[in-house]
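There are 2 protein chains.
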Amino acid sequence: MDIAAYMADIGQQARAAATLVARSTTAVRNQALLATANALDAARAELATANAKDLEDGQARGLDRAMLDRLELTPERIDTMIEGLRQVATLPDPVGEITDMTYRPSGIQVGKMRVPLGVIGIIYESRPNVTVEAASLCLKSGNAAILRGGSESICSNQAIARCLAQGLAEAGLPETAVQVIKTTDRAAVGELITMPAYVDVIVPRGGKGLIERISRDAKVPVIKHLDGICHVYIDSHADPEKAINVAVNAKTQRYGTCNTMETLLVDAEIAGDMLPLLATEFLAKGVELRGCERTREVIEAVAAEESDWEAEYLAPILAVRVVDGLDGAIEHINRYSSQHTDSIVTENYTRARRFLTEVDSASVMVNASTRFADGFEYGLGAEIGISTDKIHARGPVGLEGLTSQKYVVFGDGHIRN
Amino acid sequence: MDIAAYMADIGQQARAAATLVARSTTAVRNQALLATANALDAARAELATANAKDLEDGQARGLDRAMLDRLELTPERIDTMIEGLRQVATLPDPVGEITDMTYRPSGIQVGKMRVPLGVIGIIYESRPNVTVEAASLCLKSGNAAILRGGSESICSNQAIARCLAQGLAEAGLPETAVQVIKTTDRAAVGELITMPAYVDVIVPRGGKGLIERISRDAKVPVIKHLDGICHVYIDSHADPEKAINVAVNAKTQRYGTCNTMETLLVDAEIAGDMLPLLATEFLAKGVELRGCERTREVIEAVAAEESDWEAEYLAPILAVRVVDGLDGAIEHINRYSSQHTDSIVTENYTRARRFLTEVDSASVMVNASTRFADGFEYGLGAEIGISTDKIHARGPVGLEGLTSQKYVVFGDGHIRN
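Chain order of the listed sequences is A and B. Going by UniProt numbering, the first residue of the first sequence is number 1, and it counts up by one from there. Going by UniProt numbering, the first residue of the second sequence is number 1, and it counts up by one from there.
Hints are computed from structural coordinates only; laboratory data are not their basis. Just to be clear, a hint being listed does not mean it is correct.
Any copy will do: because identical chains look the same in the list, a pair fits if it lies in one copy or spans two.
Derived lysine-lysine pairs resembling DSS-like cross-links, with alpha carbons at most 27 Å apart [said to hold, decoys possible]:
| # | residue 1 | residue 2 |
| --- | --- | --- |
| 1 | K219 | K242 |
| 2 | K242 | K112 |
| 3 | K224 | K112 |
| 4 | K242 | K406 |
| 5 | K182 | K242 |
Here the structure is a predicted model, which is why all the values come from computation and not from measurement.
Required output: the full structure, derived from the provided sequences and hints.
Here it is, written out as structure tokens:
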């Protein structure tokens, strides 16, 4: 198989389909989503067969339990995919929205119209349900999509792709509006991320290694998410009850998510009072504490090393550091944070305001758990990922992040002097 | 000189300065702009000496007249630089604006805060006034800047850099907030565009060759502008007077700008009536016409070749093509346009609406000259460039294009369930 030719062909088809998707009405795109949901419901047997093949191959290749679990398409997961498609269909259409329409002194009227980006390439790992999720968000926002899932889920993804093709066809949209790459050859990824003529943006979803590799080699803009090293800072003016609630929730509500707190910062002024209360809560939840020297003068904790401040544990482990007031907290955060989500607990107006302004992260919070940094919690309706970049989109990326704005100008024969 | 070490040092200094600029008040940043204006005014003699040296070296190196003209810092051009700084100081500060603040069902309040991008690298060619213009826009929008001008304007740029440093220092900002690269070694550009740790975005300004090279090699996001192949389409339902006014203005108001019309499309239904009227106007202005076969059946014109549809003449030359209605026009535009600016002249509501929706360009216009596609005409107050990209910013890029938005979340001890 000539991978370069295969990918160029996919790219050309996607570019052509993108024009038709961009012009399609809201109703047609919603119809495609709902028809895909029905197609998935009707294809449960085929999905199960394809998934069983992937699981069998995975076991033969010695995939670990966690990986096999992510790979599995249970009936409940198929229900969730179907429900997800129906929900995306109910979201408002971002395409075509016109804003900021004003008259200029010259007499022209200028505003902005929200438009699709064009062709979106999405590269992800084992979970086959991402195929449906990514396709639905691209389609809803008027884009064509090229999807490249993990090699271990190839059969499941192709079965899902057939349902997508059926849904698109039923709505009168080209089947090439969503293409799932049929080869597991790694060279296909290399082509996908270096075809600026056919692909407008790449969204990689997966481990840090994958994302770093793609960012390094891409010749197409990448909306990426690296680490989630999130902080909660408990200020000396914090309400102790709020502080404990927020810190415990931020760490323990779920351990494996990118918006989970990984380092707790405590103002030296209240460390003596607060740390024992916090330690009791965390120990009751089975969280291992790794503390700086000053922390270990107050509570029992493993000695933290420099690497702990840079760690995304994704596990019941928490780094704890005593800092000298807000300045110390901001200094630590701007040095070690992955610019994902950081929160201050304080009742002090000026300190809250300074934290919001001076912490350079995609989400900055006051008296709220970092776990809220999420497209659904923010009201975006859906989330294609969380960006730790600064260009184009920061933080949770919803449908709007898959669009851009062009200028529209209305005149009446206006000319420039 | 170790260029890599020199550039890494500049990058580190810029990153450190960016934090301080981002935190500075509107008043302080405006003070720096006004103090720079005063410093330039006081340094007219030094600027003249430095510029004379550049001009002398340029002549010795055999630079052509146009290049030497662009290089020259006349007293009037120094006035314009000073006036530009004072105008940027009067613009509204984009930084810190909070929008879309709403309560979510969970009780948290979520909104967006506009924030600087961080460090902006600007690469440009001969005109030394770009040094002041670029620096002022970066500074106003709360960013640090690393500027790399043309090697032929090195002495002028360093003299301007001293005025910028003085202005920054007077306002209490770090002089490293704006750094003008002191070496003419090309390797410095190679370093600048591959330091994602220190540089958040690159804005190249110059010829297409420069911009393509930078886009190809950059490891940092690039806000770029390639061609300006702009179209005016005269629909069969156009008002003839508006059509002639718009077409003539779009081509002849200035020939060398990127928003100048390069190809005129005329609906076949009215070509017989309109082309002779248009030809008379264009010939009176000395514009050479290059027409398709159908055009040449009606008026005298040089035979257009395929390359004419792809040409950015920047000269008194116009390609003319007869197309079959709106569909033919959109097909031509979406194939040959550089997605910069395209305009339809029509009185027909449905065709105007289709043109706006289906033409995928940064600016789409109805009954207005393409020459309006400009940051000042659009009310942006200033313009760092015009983007033909889709990601982050499309069309004229003002101060807002040098910023991003982060999420701010207000809670009262809120935790996630």
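Evaluation of the provided hints:
no., hint, verdict
1, K219 with K242, "neither (46 Å within a copy, 43 Å between copies)"
2, K242 with K112, "between (42 Å within a copy, 24 Å between copies)"
3, K224 with K112, "both (26 Å within a copy, 19 Å between copies)"
4, K242 with K406, "between (44 Å within a copy, 24 Å between copies)"
5, K182 with K242, "neither (51 Å within a copy, 53 Å between copies)"
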